[in-house]
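All chains should be modelled from the sequences, with the hints used to inform the complete structure.
So the sequence lines, in the order shown, correspond to chains V and P. Numbered by our numbering, the letters in the first sequence go through residues 10 to 333 in order. Numbered by our numbering, the letters in the second sequence go through residues 67 to 599 in order.
It should be emphasised that the hints constitute simulated quantities derived from the structure, not laboratory data. Every value quoted in this text rests on a predicted model; they were computed, and no experiment measured them. All C-beta atoms in this analysis are idealised placements derived from N, C-alpha and C, irrespective of residue type, glycine included. Just to be clear, a hint being listed does not mean it is correct.
What the hints assert, rightly or not - Derived CB-CB ranges, DEER-like:
hint, chain 1, residue 1, chain 2, residue 2, range
1, P, S146, V, M110, 36 to 44 Å
2, V, G269, P, P224, 30 to 38 Å
3, P, P228, V, W72, 39 to 47 Å
4, V, L109, P, R214, 52 to 60 Å
5, V, G84, P, A494, 50 to 58 Å
6, V, L73, P, R214, 50 to 58 Å
7, V, M110, P, G156, 55 to 63 Å
8, P, V593, V, L303, 57 to 65 Å
9, V, P328, P, T107, 22 to 30 Å
Said to hold, decoys possible - Not the full set, but computed from the structure, chain V residues with beta-carbon under 10 Å of chain P:
hint, residue
10, H96
11, T149
12, E152
13, A186
14, T188
15, F190
16, R193
17, R195
18, A196
19, E199
20, N200
21, H202
22, A203
23, L325
24, I327
25, K331
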Amino acid sequence: METYTLIILLLAATLRVATPLLLAALGGMFSERAGVIDLGLEGKLLGAAFASAAVSAVTGSAWLGLGAGILTAVGLALIIGFACITHRGNQVVAGMAITLMVGGLGPTLGLAWFNLGGQTPQLDGAGQRFTALVWPWAQTAREHPWPGLLYAELLSGQNLLVYVAALLVPVSGWILAQTRFGLRLRAVGENPHAVETAGISVTWLRYRALMISGVLCGVAGTYLATAASAGFVRDMTAGKGYLALAALIFGQWRPWPTLGACLLFAFTDALATRCQGVALPLVGVMPVQFILALPYALTVVLLAGLAGKTLAPRALGIPYAKDK
Amino acid sequence: MNGSGGSATERGFSASAVPAGARGASGPALELRGIEKRFGTVYANRAISMVVERGSVHGLIGENGAGKSTLMNIVYGFQSADAGEILVNGRAVVIGAPEAAIAAGIGMVHQHFMLVETFTAVENAVLGVEGGLQLAGGLARARRELARLAGEYGLEVPLATPVAELTVGLRQRVEILKALYRRADILILDEPTAVLTPGEATALFGILRRLRSEGKAVILVTHKLREIMAITDRVTVMRQGAIVGEFVTRETSVGALAEKMMGRAVGGPLEKPPVQPGGTRLAVRDLEVRDGQGVVRVRRVSFDLRAGEIVGLAGVSGNGQTELLGALAGMLAPSKGTISLGGRELVAAKVGPRERRRLGLAHVPEDRLGMGVVAGFSAAANAILGYHDRPRYTRGPLLRMAVIREECIQKMAVHDVRPAAPDLRITAFSGGNQQKLVLAREMDGEPSVLLVGQPTRGVDIGAIEFIHRRLVALRDAGKAILVVSVELEEILGLADRILVMNGGEIVGEVARGEATEAQLGLWMAGVSGEGRG
Numbered sequence: 010m011e012t013y014t015l016i017i018l019l020l021a022a023t024l025r026v027a028t029p030l031l032l033a034a035l036g037g038m039f040s041e042r043a044g045v046i047d048l049g050l051e052g053k054l055l056g057a058a059f060a061s062a063a064v065s066a067v068t069g070s071a072w073l074g075l076g077a078g079i080l081t082a083v084g085l086a087l088i089i090g091f092a093c094i095t096h097r098g099n100q101v102v103a104g105m106a107i108t109l110m111v112g113g114l115g116p117t118l119g120l121a122w123f124n125l126g127g128q129t130p131q132l133d134g135a136g137q138r139f140t141a142l143v144w145p146w147a148q149t150a151r152e153h154p155w156p157g158l159l160y161a162e163l164l165s166g167q168n169l170l171v172y173v174a175a176l177l178v179p180v181s182g183w184i185l186a187q188t189r190f191g192l193r194l195r196a197v198g199e200n201p202h203a204v205e206t207a208g209i210s211v212t213w214l215r216y217r218a219l220m221i222s223g224v225l226c227g228v229a230g231t232y233l234a235t236a237a238s239a240g241f242v243r244d245m246t247a248g249k250g251y252l253a254l255a256a257l258i259f260g261q262w263r264p265w266p267t268l269g270a271c272l273l274f275a276f277t278d279a280l281a282t283r284c285q286g287v288a289l290p291l292v293g294v295m296p297v298q299f300i301l302a303l304p305y306a307l308t309v310v311l312l313a314g315l316a317g318k319t320l321a322p323r324a325l326g327i328p329y330a331k332d333k
Numbered sequence: 067m068n069g070s071g072g073s074a075t076e077r078g079f080s081a082s083a084v085p086a087g088a089r090g091a092s093g094p095a096l097e098l099r100g101i102e103k104r105f106g107t108v109y110a111n112r113a114i115s116m117v118v119e120r121g122s123v124h125g126l127i128g129e130n131g132a133g134k135s136t137l138m139n140i141v142y143g144f145q146s147a148d149a150g151e152i153l154v155n156g157r158a159v160v161i162g163a164p165e166a167a168i169a170a171g172i173g174m175v176h177q178h179f180m181l182v183e184t185f186t187a188v189e190n191a192v193l194g195v196e197g198g199l200q201l202a203g204g205l206a207r208a209r210r211e212l213a214r215l216a217g218e219y220g221l222e223v224p225l226a227t228p229v230a231e232l233t234v235g236l237r238q239r240v241e242i243l244k245a246l247y248r249r250a251d252i253l254i255l256d257e258p259t260a261v262l263t264p265g266e267a268t269a270l271f272g273i274l275r276r277l278r279s280e281g282k283a284v285i286l287v288t289h290k291l292r293e294i295m296a297i298t299d300r301v302t303v304m305r306q307g308a309i310v311g312e313f314v315t316r317e318t319s320v321g322a323l324a325e326k327m328m329g330r331a332v333g334g335p336l337e338k339p340p341v342q343p344g345g346t347r348l349a350v351r352d353l354e355v356r357d358g359q360g361v362v363r364v365r366r367v368s369f370d371l372r373a374g375e376i377v378g379l380a381g382v383s384g385n386g387q388t389e390l391l392g393a394l395a396g397m398l399a400p401s402k403g404t405i406s407l408g409g410r411e412l413v414a415a416k417v418g419p420r421e422r423r424r425l426g427l428a429h430v431p432e433d434r435l436g437m438g439v440v441a442g443f444s445a446a447a448n449a450i451l452g453y454h455d456r457p458r459y460t461r462g463p464l465l466r467m468a469v470i471r472e473e474c475i476q477k478m479a480v481h482d483v484r485p486a487a488p489d490l491r492i493t494a495f496s497g498g499n500q501q502k503l504v505l506a507r508e509m510d511g512e513p514s515v516l517l518v519g520q521p522t523r524g525v526d527i528g529a530i531e532f533i534h535r536r537l538v539a540l541r542d543a544g545k546a547i548l549v550v551s552v553e554l555e556e557i558l559g560l561a562d563r564i565l566v567m568n569g570g571e572i573v574g575e576v577a578r579g580e581a582t583e584a585q586l587g588l589w590m591a592g593v594s595g596e597g598r599g
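Next comes the structure, spelled out in C-alpha cells:
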C-alpha cells in the first residue's frame, strides 16, 4: 500500500507541475500554428506571474490578480505582434527580447513598489490565492484507499486553474479542427499567401493567435505565483516557458500529444523531486544537481530523437510580406 | 487599342455569347480605364485601358517586367492603382483587397499556387468562405458543390487527399475549382502552363474552352506566344508598363506579336551549323542520387557528353534534374554509379566541386539567386566567385580589387551585361544580365564541360537570344554542354540531342532532328514509348 500511496502522490505532483506547462504550451500552439514562433512564452509567464502576485497582494483578490496576469501577458504578446507581424521583425529575437526585458523589469518594479528585494509580499490572506477545491466526500473517500485515494488526491483537491487547463485540451482541439477560426489559423501557419488570396487578413489572424497565447500564458503565470506558490520570486519560471515550447514541439503542435509531452516532462520533474536524497538501487544516493537536471536532459534527448521528423507549420518563423 | 468607349462591334466581338453565370448586368465582364501604377519614378503601369468580354479568352502578353503581373495584382486587389477605374459588368468597383475582388466575381490562379498543402481540395476551397463559425456544414456543402463543378467543367480531382500529394496539374485544377466555388465569372490565370507537361497543358486548354462556352471571361497571362495563338480570342500586348497593341487573335501572327512585345523584329530561329561531336568529355554510368531523406531522386542514369555538342535534358520540374545536376557538379554525393570527366573518375575519388572546376567542369546553377550569385555582393565580386583564389586576383590573403574590377568591366563588355557597373549590387541587375555575368564567369576558366541549369529562367527575350547564341558559339568552339531546362521550346531550339527525365530516370533519348513535341511530351508525362534505342 505504501507504493500505491507513493504513486498517487507522485501523479498528483505531476498534475500540479504539468498545469502551467500545458497552459503555456497550448498558448504557444495557437501562436505557432499561426506561423509565429513563440519564444516569448517564458517572458509572458514571468510577466503574468509578477503582475498577478503584485495585484493580488495589493487588492487581496486572486481573481483581480488573474485579470492582471492575463492583461500583462496579452500586452507582452501585442508587443511581440507589433514587432513581428506589423513590422516583420525577427520572431526569435523579439521573443528573447521580451523574456530578457521581463526578467529584469519584474524584480525592478517589485523592488520599487514593495521594497522586499524584488519579491512580492507573501500571499497569505484569504482569497489571495487559488487554493485546492475539495470535492464532496473526499475525506470519506480516503478511508477506502482504492479507489478512494485516487479520487481524493487526483480528481479532487486541485485548484480551479488545473481543471481549466485540462478542459482546454479538448477545447483547443475542437477549435483547431472544427471551427472557421481553426481552419484559418492552420492555413495561415502553412501558407499565409493562400490566406491573403482568399480575402482574409493575415495580420489580424496572427494578432488574434498571439492574444490567445497571451491569455493562456497569463493564466499559467498566475498559476505559478498565486496557486503553486504564494507570491512572485525573481526568475520563478525557471525555464518553464522553454520547456513548454519543447513539449509543444515534441507534441508536434497538436493538443493531445502536447498534453502527453507536458505530463511526461512533469512526471520526470515530480520524480526528480521525490528522488532527492533517496538511495536508489545500484547507484546509491544521486547528487541533487544531477536529479534536477533530469527533466532538461530528457527534453534534449527527446527533441534530438525527433530531428528531421517534425511536422512544423511550414510558414513558422517567416515574416509575412505581401509582395513575394 | 484603347477599349474604353468602343462599341462591341468595334471590338470585333459578337454580342451573342450570353453569359450563363453573368450577374444580369450589361457591359463587358471587365473593363480597365486608365490604370496607373508607379514605383518610385518608374511606371509599372501607364494609362492601361482594356476590355475583357464575357465568353472569351483574353491573352495578356509581354516580356518579364512589362507590367502584366502588376496589372493583374491590381485587378485582384493585391496592389492598389495610383489612378484609374475598374468596371465589372459595366459597374465601377473599388478593389482594395482580394476580398473585394472575390466579391466582384474575380478569381485568380497564381503562377505559384496559393494552396495550403496540408489541406484537402475541399478545405482549400472553403477557406475564407466557410459559411459559419463551425466547419462541418460548410465542408459538406463544398464537397457537393465541388463535385458538381468538377463534373460540369471537366475538373476532376481527388477531393479528400491533401493537396501536397497531388500532381502539379491537379493542384492547378484545385485552384480553378477554388475560384469557381467563389462564383468567379472572371478568371485570371498567371503563366498557367509554366509547370505543366504538354499533355496537361492541352487538358487545361480544354477546361478553358469549357469555361468560355459557359460565359466566363478568362484572362490568360503568358509569355508563350503559341499558347496565345492556340486558345485566345483577343490579345493585349504590353511593353514597359504600357499597352502597345491589341489584336483579334485570328487576325494576327506569332511574328507580329513578338515584334510588338519586344519593340523590334525578332532574330528568327536560332541558326546552328551542323553538329560535329568529338570525343567524350563527360561519361555518366548507372548514377543513383538520394536526397536528405534517403529518397532516390536519380536512378540508373547513364549518358555521354561529347565535345562540340549540346545535350538538352528535358522534363517537368522536380523529376530529378536538379539532383542530377547537383551530383555532376559535385554538390551531392551519388549513392551509386560513376562520373568520369575527361577519363578521370570523380565519384569514388571524392573529387569536390572546386577540384572539378579546376579539372574543367563549369556549372551555371539552376537557382541563380540561391547558388549562382551572392545577392548582397557587387557584380565584380560575383564575377570571380569560386575562382577567387586564382593567383592574379590575390596578393597573399588580400584580394586585388583593382584587377577584379578591371576584369569585370571587360567581361561586361564582351557579354553585353548592362549596365556596365562593376560596383553595383548584383540584385540591381535584371535576371538576364545576372545570368550573362554568371555565364561569363563560368566560361572564363576555359572549361571543357559546361553544365547549365535553366539558362533563361527569369530572363527577358532579348537576353534569351543572346544567351542561346552564346551557348551555340561555345559548342562550336568544341565545348561539351549539358542544358537542363523545363522549357521544351528552349530544349528543341538549342539541343543537338535530347534526353528526357521522368521520375528520376532517363526515359527517352532522341536526336534533335527526329524529336517531336508530342513524343517528348509523352515521355515527360511518364507515358513510356519505345524509350531509348
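Hint by hint, here is what the structure shows:
no., hint, in the structure
1, P:S146 - V:M110: 36 to 44 Å, "holds (37 Å)"
2, V:G269 - P:P224: 30 to 38 Å, "holds (32 Å)"
3, P:P228 - V:W72: 39 to 47 Å, "holds (45 Å)"
4, V:L109 - P:R214: 52 to 60 Å, "holds (56 Å)"
5, V:G84 - P:A494: 50 to 58 Å, "violated (42 Å)"
6, V:L73 - P:R214: 50 to 58 Å, "holds (56 Å)"
7, V:M110 - P:G156: 55 to 63 Å, "holds (57 Å)"
8, P:V593 - V:L303: 57 to 65 Å, "holds (59 Å)"
9, V:P328 - P:T107: 22 to 30 Å, "holds (28 Å)"
10, H96, "violated (20 Å)"
11, T149, "violated (43 Å)"
12, E152, "violated (46 Å)"
13, A186, "holds (8 Å)"
14, T188, "holds (6 Å)"
15, F190, "holds (7 Å)"
16, R193, "holds (7 Å)"
17, R195, "holds (7 Å)"
18, A196, "holds (5 Å)"
19, E199, "holds (5 Å)"
20, N200, "holds (5 Å)"
21, H202, "holds (5 Å)"
22, A203, "holds (4 Å)"
23, L325, "violated (13 Å)"
24, I327, "violated (15 Å)"
25, K331, "holds (7 Å)"
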